[in-house]
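Trainee: Since the structure of chain G is provided, determine the placement of chain U on it from the hints.
Residue strings, one per chain:
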Amino acid sequence: MRRSSFLFLIALIIGFSSVHCGTASAHPHVFVDCRLSLLVEGDTLKEISMEWEFDSIFSSFILEDYDLDHDGTLSSEELKAYEKILLEELPVVDFFSYCRTDGKIWPVQKVKALKVTYEDPSVFMKIDIPLGVTIGKKETIVGITVYDIEYYLSFRYGPDNEVSLRGGENLDIQYDIVDDPARAYYMGQVVPEEVVLYLKKR
Amino acid sequence: MNIRKKLFFCVLLFVIFSLWDLSGSHVVFRKGVSCRVHTAWAGSSSLVRRKEPAAENKRIVAPSFIRKGINVLVSYQRDIRNRMAALAKDSVSGEEPGALLLLLLLSFLYGVVHAAGPGHGKIALSSFVMSPEVGLAKGMILGVVIAVFHGFSALILVMLSLFGIHKFNLHSMNSIDTLQSVSASLLIILGIFMIIRLLNRSRAEKADTSAAVQRGNTSSSPHRLFALAVGLVPCSGIVILVLFIQAAGLWSIGIPLVLSTMAGMALTLSATGALMVLLKRGILFPFLSRGFRKLPGSGAYAVQLISPVLLILSGILLV
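Residue numbers (this note's numbering), protein chains in the order written: chain G, 29 to 230; chain U, 151 to 469.
Think of the hints as simulated: they come from the structure by calculation, not from any bench. Hints may contain errors.
Quick list of in silico lysine-lysine cross-link-like pairs, DSSO-like style, CA-CA up to 27 Å [claimed, not checked]:
{"no.": "1", "chain 1": "G", "residue 1": "Lys165", "chain 2": "G", "residue 2": "Lys112"}
{"no.": "2", "chain 1": "G", "residue 1": "Lys166", "chain 2": "U", "residue 2": "Lys288"}
{"no.": "3", "chain 1": "G", "residue 1": "Lys229", "chain 2": "G", "residue 2": "Lys140"}
{"no.": "4", "chain 1": "U", "residue 1": "Lys201", "chain 2": "G", "residue 2": "Lys74"}
{"no.": "5", "chain 1": "G", "residue 1": "Lys229", "chain 2": "G", "residue 2": "Lys165"}
{"no.": "6", "chain 1": "G", "residue 1": "Lys138", "chain 2": "G", "residue 2": "Lys74"}
{"no.": "7", "chain 1": "G", "residue 1": "Lys74", "chain 2": "G", "residue 2": "Lys229"}
{"no.": "8", "chain 1": "G", "residue 1": "Lys228", "chain 2": "U", "residue 2": "Lys201"}
{"no.": "9", "chain 1": "G", "residue 1": "Lys165", "chain 2": "U", "residue 2": "Lys201"}
{"no.": "10", "chain 1": "U", "residue 1": "Lys201", "chain 2": "G", "residue 2": "Lys132"}
{"no.": "11", "chain 1": "G", "residue 1": "Lys229", "chain 2": "G", "residue 2": "Lys166"}
{"no.": "12", "chain 1": "U", "residue 1": "Lys201", "chain 2": "G", "residue 2": "Lys229"}
{"no.": "13", "chain 1": "G", "residue 1": "Lys154", "chain 2": "G", "residue 2": "Lys132"}
One chain only, chain G, in its complex shape (with noise of 0.2 Å):
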């Protein structure tokens, strides 16, 4: 090959590289499933807790990179590390989580609380998003999707025990997993599922 053929192939391989907007490459990379718990007190829908369970492997990557004693276990320190990363890094990815209440939906940028836990094999990281939403006789909806539009990390709710309630007595409270084409991502390829509340007073 001649050199300024070479030249002209190496430069070709570089302009069309540059253009680089990554689509479709081999993903997710991290499996989690998700669980939720609402907390309600009286008639408001106080707080939604998630929790995610990453999967085995992923959980394995965590406890080399923090389990500092090699114990083969995380202790509270431990934990305690990797709750200090994780909260400095969601917030800036809004905790890949969007609320919906009155037919608004908004990012998650701030939780009460994230606390993570480990029971072998897997990692479990739980976070409360502050609602307050108050429930009145007439049904309010309340939705909530997890999703990373990057597709790095791949999320399902459940497989079991999805969705739990504590308190909510005077309340009539049902729910539904539903797909959210209008969140679709990843070429459209992936459709992300939304929790929907459905509350009323009794």
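Mentor: This is chain U only, laid out in the frame that chain G set:
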């Protein structure tokens, strides 16, 4: 259809239906791994689930079968990974006989399922095998070669990290995207090169000089360059597997695990190559040959243009 093709179709259908059927039994993989209520939720009561009709959607999304297919594949990967992590401990401790064998089988399945998901050069491979020069055997071999390059590329990337040359962990997975861009650029260039070669051959045939035709026909085949361009992108599945082997200290069974996963990927990619060749021969070319019948001479070149044009488009999509 001859006996070889029939046999191939049977094997292909068997693989597809086996995978499809497994989708209903994924609970088996999950048993004892993630089916448990975490203690943090003690004191909570479960809620009644109600079914509402689906909301109207105005956004363009992929067809339902693609979305469902991706969901099934992702669900499989999740379950297989969890099961592999559990089995890895048993196979190293030697407490459970047969755990290693099951682990190897699962890693093979992981390779099959992981390569069937998004990425892994299936679009590029499908585009390339549209060339009339690529037959069934070549399509399948190309799939295997891509899987091998793809796997070893990942292995080299993580090994560089182990030897301290380049720090790599799961958080730096995005660096793969850089290689993805280079790979996509190479595909575009390859497509352009194939078009130029086709034009040269066309000119040579018009000039009717046997030497020129000979030169056009014997120009170097781009198959190897194509496989290299696609396989250049490290496989994220292998990267994760090797990182897991490192994290869990499973070096004694690491190489068989990686090779088993690569074999699974090779099966999926070669099946993709073969399927696309069969589609090309059975549907696309007969359809096009009817369409181009009125264009004698140029029809053959139009058919030959499909592969490089698709290759350029797939490169643009992936850049």
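Trainee: All hints are to be evaluated individually against the structure, with a verdict given for each.
Mentor: Each hint tested on the structure:
no.	hint	result
1	G:Lys165 to G:Lys112	violated (41 Å)
2	G:Lys166 to U:Lys288	violated (66 Å)
3	G:Lys229 to G:Lys140	holds (26 Å)
4	U:Lys201 to G:Lys74	holds (25 Å)
5	G:Lys229 to G:Lys165	holds (5 Å)
6	G:Lys138 to G:Lys74	holds (14 Å)
7	G:Lys74 to G:Lys229	holds (15 Å)
8	G:Lys228 to U:Lys201	holds (17 Å)
9	G:Lys165 to U:Lys201	holds (21 Å)
10	U:Lys201 to G:Lys132	holds (22 Å)
11	G:Lys229 to G:Lys166	holds (8 Å)
12	U:Lys201 to G:Lys229	holds (20 Å)
13	G:Lys154 to G:Lys132	holds (24 Å)
Hints 1, 2, counting from the list given before, are not met by this structure.
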